[in-house]
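Engineer: So you can see what is in the structure, the chains are spelled out below.
Protein chains: 4
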Amino acid sequence: MKAGSNKISIPAILEVGKGNLSYIGALIEKSGFSNIVLFLGQGINDMFGEKIRQSFKFQSTKIVKTIENDNIDINNIINTAFSIPAEADVIVGIGGGKALDVAKYCSFLKKLPFISVPTSASNDGYSSSSCSLIIEGKRTTVNAVMPYGIVVDIDVIKEAPEKYIFSGIGDLVSKITAVYDWEFEEKNGKGKVDDFAVMIAKKSVNSFVRTQFNSIREDFFIKELVDSLTMSGIAVEIAQTSAPASGSEHLISHALDKILDVPKLHGLQVGVATYLMAKVQEHRYERVTKVFRDTGFFEHVKTHAIKASDLEKAIDLAPSIKPNRYTYIHIDEYRQKAKKLLQEDEILKDILV
Amino acid sequence: MKAGSNKISIPAILEVGKGNLSYIGALIEKSGFSNIVLFLGQGINDMFGEKIRQSFKFQSTKIVKTIENDNIDINNIINTAFSIPAEADVIVGIGGGKALDVAKYCSFLKKLPFISVPTSASNDGYSSSSCSLIIEGKRTTVNAVMPYGIVVDIDVIKEAPEKYIFSGIGDLVSKITAVYDWEFEEKNGKGKVDDFAVMIAKKSVNSFVRTQFNSIREDFFIKELVDSLTMSGIAVEIAQTSAPASGSEHLISHALDKILDVPKLHGLQVGVATYLMAKVQEHRYERVTKVFRDTGFFEHVKTHAIKASDLEKAIDLAPSIKPNRYTYIHIDEYRQKAKKLLQEDEILKDILV
Amino acid sequence: MKAGSNKISIPAILEVGKGNLSYIGALIEKSGFSNIVLFLGQGINDMFGEKIRQSFKFQSTKIVKTIENDNIDINNIINTAFSIPAEADVIVGIGGGKALDVAKYCSFLKKLPFISVPTSASNDGYSSSSCSLIIEGKRTTVNAVMPYGIVVDIDVIKEAPEKYIFSGIGDLVSKITAVYDWEFEEKNGKGKVDDFAVMIAKKSVNSFVRTQFNSIREDFFIKELVDSLTMSGIAVEIAQTSAPASGSEHLISHALDKILDVPKLHGLQVGVATYLMAKVQEHRYERVTKVFRDTGFFEHVKTHAIKASDLEKAIDLAPSIKPNRYTYIHIDEYRQKAKKLLQEDEILKDILV
Amino acid sequence: MKAGSNKISIPAILEVGKGNLSYIGALIEKSGFSNIVLFLGQGINDMFGEKIRQSFKFQSTKIVKTIENDNIDINNIINTAFSIPAEADVIVGIGGGKALDVAKYCSFLKKLPFISVPTSASNDGYSSSSCSLIIEGKRTTVNAVMPYGIVVDIDVIKEAPEKYIFSGIGDLVSKITAVYDWEFEEKNGKGKVDDFAVMIAKKSVNSFVRTQFNSIREDFFIKELVDSLTMSGIAVEIAQTSAPASGSEHLISHALDKILDVPKLHGLQVGVATYLMAKVQEHRYERVTKVFRDTGFFEHVKTHAIKASDLEKAIDLAPSIKPNRYTYIHIDEYRQKAKKLLQEDEILKDILV
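Residue numbers (the numbering used here), protein chains in the order written: chain G, 1 to 353; chain S, 1 to 353; chain Y, 1 to 353; chain R, 1 to 353.
Hints are all accurate, no fakes.
No copy labels: a pair is met if it fits in one copy or bridges any two.
Derived pair list, reagent style DSBU-like, types lysine-lysine, alpha-carbon separation capped at 30 Å:
#, residue 1, residue 2
1, Lys187, Lys51
2, Lys62, Lys190
3, Lys223, Lys187
4, Lys223, Lys202
5, Lys138, Lys62
Rather than coming from a laboratory, the hints here were simulated on the basis of the structure.
Please put together the full structure from these sequences, using the hints given.
Structural biologist: See the structure below:
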């Protein structure tokens, strides 16, 4: 037993603001790095390549290699990681979830600090230590390393297609059902929540859902969303498990990923499942409903033609995704209730096909 | 430059709930401690001594020494610390701010883990690493050690005299002006905010001020207050400076401490100064006003007879408390504005004498 | 700049003693682990399998999977790592260098603690954080993770074929030339030694070379060898570079690895190159000569038919192995001196073919 | 259970060399410090003040305060610590044991990095985290902080009066009996040695006692002594107990401190007790005898008139100094054996009065 409490890793750099992509060179140099390996996601070079290169123009920090790579297969990542030049002292990843996961896992393998620059806020992966990789053909979540830095350009996030913003909203609101599932496990003697992680996860989602806004593209709203997703990543780091950010609603989404040939965006699936499970849990579903209605999440979901029949299959498959957990979806009674809601709930009937 | 980001200390134990004082023995034993030194604040033994002793009745963990001591003079603390028996492996402090500071500093000197059990939520000291001690006759803030654990009994906090709850509210809302002062320093090239600490501080206060409640004594409200004050302590730990929790409004309160023979409760002074400075900063004063009005803070302050003339002196003295900072109160123009508000602002005229 | 000095990782378990293989189950259980994945090198199961399984007979700790795998190709390791069952909480590797490297890298990928149980003391890899893997067909040194524990059975080490013991002696004595090369770099303004790492490396080799012994198979001698190699691994960890353990003599050995179809044992090649470079450096070569003569290292080397002509090529190739370093072998003048010694030195003429 | 082994603190700066006192300014500036508080022991200013000040002449680092203070009373130290100016970012202590303890404890209280610059090598305190202070009138060992840096000027150490060098030799050789006592405790089921700490402690003393030398004032010998005492401090840090550096021989010395009005130098008392206890333990006493004879330690001790009768009393008192330990001196049979040796051992009869 040691004095002085737990140690957790938090990003040493956190910059969330307007126009940050133009300052990326200066931000990285200020942090003392000299030789950058730049990972760019698909399309990033076309959209932002010039701006990014310009940002290094007057810096002594130099880009020693640029890698455009969205391929999350572990064998690709291994080869990429060990082709990184020896003089590199930092990895900067700019792009969506896959590009960041490639860059993050290369950072882990090479023990280099990772600076995460998401171009959309579609989920909390940019601020967490975990990656979603393909290992022997299967999508697998593996633990890598907490980002050394997070740099977010509000202007980039808000100009991203609206589906990404809605995905982020869905992923964030899911903390409500996720935390409740975790507390349910504890009440049933199947584990122990980390109170600190719970507190952080709750504060992040509560601060967000209580925010007043006019448009989901206004700066203030986007900043709240990004900050809250960042804190959600920290809650996972504190807990040393994904439980504070991922409960039954995530299991349903993971099940959908297996069932569908072309899954929908992570946060959209998660959001729908969050509404469903909040009703099952009979916990804060009014709040969830209000946020999803006010932001236009429900309306947006309609455009993606999610099938109730797929959700039904996903409900049955969900417990087997993580058999060691004990969430609401692991209980037969609640699975039946969920399936009944699919048939009867007015909102679900409206947004699903 | 190291991979893997910053490391910060967070409490390994965080238990905020109803009736926790009855489980204190079990909670501490579960954490693996054997020999406790118990520090009790004034009056605690009378109020809760029996309950605390009962909680150890069926535990193998034993109390090797009980110390009742609210004397924050450093010489007293030194003697107390080095009288702690060698077999002690944890220090548990139960009481108000002074009792916790004595226990916390003894923990630091003896390099023992410290479990902080506040009996009021009158400020964020119970979750921070700093102490307020008397050194050579002067009240001095010194850095000690982050608590290993925080245990809060909601029932105890909510039954405390209401002045303590109002003091906690005042201390928490002050993060609004404190963070704004810090950002003001950065804008003026006088320092650099830690974005992560700012984010945590803002989330803690925003989650709180956006909370709906019926009574300041309801469980839900008290839990939000305690959680938010806890997060405020963490923000200070992340920042490695008190800046995210303490700006011009705290300097005014510290100045009052010097001016008054018998200062008012810390959080009451801070709260009044927060309202004043929010008006000076022209930043979120509507929100501050709403919270202080809805909770009854303003009404409560009236019962303490704080003098406008003392506040005026405190405004002039405030910058000299921390001459190296550069908050709004360090600028002559804003001091004049503050003093004018003392004369003209309707609310201030109402609550001050 | 932080108070409290540097933090380095050291093994939490270090057990070097007679018969430890029979206690391996108890040792691991005592450390609080429940579910072991056991990595066994080639031949280990035949030789020690029964003994190892017996050691778990009366323990509640259980072996959840046994993996016999000496294949250091990264693709093999990836697949192996991600086939480890989720309930595993520790990886135990028992065997020679390759088996330990496979186990160590799997531990790194899965973020599990690694317990290193070498069956020979042929080099200091069992106590270091680095691995030698095959990546895209090439032998590559990569950084993984410091062992959580090291368990050495003196009886096993001393019954290993003598070539392994001589290899260990060669690898240990090489710290004399390695450290001198590092200091040479510093003197020439090409880097900075870490004085603490230098001190540890010197103490480890000096304590060993000053040890009196009757036979290289006596317990006391084996223990000194194992302890000294362990400390050499720690010196590398402190320095965060292999420099305190690897100088020009290692570059010559790495060059031989490239030149020869079937390289000799690492420590034998390194030992010969150490003698050569000590003569080139004109530094402590009497001591090196004495140890290699007294232990029988020189006599043993003769049985391996190392060719002077291969060494000559290796000398020329050596600087290109690590072009960023600046050891004696990077200087043309000293390479010429080394090649001349190959022709003229009586001992080299005697032991090489 | 965490992956990645134990973390220990080691000095970030370690510079042991000739003339280092002249480079102290440059060494500290290179480490990134700006504002130094300099603690000087008694007499240091007269002897080295000019040299130290000169060393800062061309540095931008400045001395913000110089404190000459050898008073190890805790009340003095508290007042001194809290008078340190806020801008100080490092404490440098130059002097003997008491001056370093004052500086070290002030560093601990103020959470500032401490750079230890011993002017004699009379014991291993300069490289350890513990201090010997006077608390309520009694000499008490308290835990403070590991030095951030250690800077030793070989020229200063070797010109110190020879009694300090002999004291250092006595303190170092005592690791032989101390480690044996610790292993004795383990064998008797009274505790568990830390194998890593044992290994480091043994390597440090063995490397030293096997060193060949012509004079105790030659550079090489002094450097070995300083390095070995440094490693002894590290062994204590690893073990998180003084056991690897302090056994029955130290208890006898502590007992002498209580018995004598004017105790002899720590390392001299310890050395004599080490010889005595090595005979009692029947462990490596030939080696101890050889080192003490070859270095002239025995001859030197004669000049201090240590009384056999005082040692006899100290033997009886020793176990009570640390009643929780279980060394040879805690066993009545061995205390009798020790007292008999005082009467009969030829060497003891020769060197004691």
